[in-house]
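Trainee: In case you want the letters, here they are:
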Amino acid sequence: MRREYTDASDAALVVSIGRYQQAALAEAYRRHAGATFGLAKRLLNDHARAEEIVQEVFVRLWNEPNRYDPERGTLRSFLLAHTHGRSVDLIRADAARRNREEKEARQQAVGGYDISHEVWDLALAGHVREAMETLQPGEREAIELAYFGGLTYKEAAERLGEPEGTVKSRIRSGLKRLRGELVQAGVSVGSD
Amino acid sequence: MAGSAGDTYELDELLGAYALDAVDADDRRRVEDYLEVSPRAAAEVQAHREVATMLAFTGMDAPDDLWGRIAGEIGEQAPPPGPELAKVMSLDDHSRRRAISKVVPWIVSAAAAAVIAFVAIGLADRADAPNEPLANAVEVARADRDSLTTVLVADGTEGSAEAIIDQDGHGYVLARDLPTLQEDETYQLWGVVNDGQVISLGIFGPNPEIETFTVEGEVSALAITIEQSPGVISDGNPDGAFVGTF
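The listed protein sequences derive, respectively, from chains A and B. FYI, the numbering for the first sequence is 3 to 194, going by my numbering. FYI, the numbering for the second sequence is 11 to 256, going by my numbering.
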């Protein structure tokens, strides 16, 4: 891998990807593929489909790098939004929904979990867990069903036995509260 | 498309669900029409997605052979990437709860002094302002008479930053005019809130441009300090701090 990309910003990487520098895409993959795969795997509970989603997301970044606008958010957020959207498409097509209710498949041991992962994981996970604890129970349930369950807010409302408007509002207020809590915890939300 | 105030309220309420892909096709179209005409709403959706990014992190690695398939699909084989980098962020194992610092007297004192230096700078004519949703959101917030605006300046240091907080507590810092720091340094934003507490509102890195934050309650002053990366939980460095009051 070309050394200069390891220190490049995400925005600079995407510029280089636009110039067909495959090493820049490799660096973007190195930084963000774990998160995208983890999200797709959690949503779909299907290793192979999660791989397909990740492949699609990074090939799309290669083919259409101009779709990413650094002024509108981080590259990780952009890639995860695409990952989430595609995963939800699959869930709603009922291709994966049946499997999602089954017990979580045995976790496959994945190598390369280094100290930097652990630092990030522990620190961020702790902050996120604490932030989630500040939510009202209804907010937390609504966000979990919508984001990790792949349900629409209307479906989530039906599942929870709550009015649709209530669930819709709880998702929004919960996300705002989470952001405030994370920012107050010193977590940089939305900057590279 | 949003029409009446009621429509706007309803669409605003949908923004969280939209950001999480939790709307049906009809709602999606309505929200996307709305986002075309409301930079504030577009900025809110992006903010929600950044929060979702935090929720999504699992610490998992992608399978070893996946990169090879991607590289094969796009063309020539590239060198295999290594493990994911750690994200720069504020760390403190002891911060079990939110990282609200103790009152930092210097910021409060500096904020009082900064009242004298406060000047209202109109940046509406900034020629190089990008025509992007975030920049538009800044303009909308600035134009709202209910928003708070201040300019953060430092004694003896060139450069300044403009901060705007709208009535919903969404904040923007236009920090392009701050001096670029060393790579191992970062700007950190602090707010003096409610009863005089000083809280960290964000870490901007060494070369910030337009940065966002949120804050609840009343804010009497903001300060931007220069810290060693990745920033600190409390007790910011007073040397060279940029301070502005509301």
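These are calculated hints, taken from the structure and not from any lab test. Careful, some of the hints might be misleading.
The calculated label-pair distances, taken between Cβ atoms and stated as ranges, are [stated by the list, open to error]:
id, chain 1, residue 1, chain 2, residue 2, range
1, A, Val61, B, Thr167, 40 to 50 Å
2, B, Glu46, A, Thr168, 19 to 29 Å
3, A, Pro165, B, Asp165, 32 to 42 Å
4, A, Gly87, B, Thr18, 16 to 26 Å
Backbone N, C-alpha and C define an ideal beta-carbon position, used for all residues, glycine too.
Trainee: That 16 to 26 Å hint for Gly87(A) and Thr18(B) (C-beta), does it hold up?
Mentor: At 25 Å between Cβs, range holds.
Trainee: Given a hinted range of 32 to 42 Å, is it respected by the beta-carbon distance of Pro165(A) and Asp165(B)?
Mentor: Cβ of Pro165(A) to Cβ of Asp165(B): about 55 Å, so the range 32 to 42 Å is violated.
Trainee: Cβ-Cβ distance between Glu46(B) and Thr168(A): within 19 to 29 Å?
Mentor: Holds, at about 28 Å.
Trainee: Is 40 to 50 Å respected by the C-beta to C-beta distance linking Val61(A) and Thr167(B)?
Mentor: holds (47 Å)
Violated hints amount to a single one, hint 3; each of the other numbered hints is respected by the structure.
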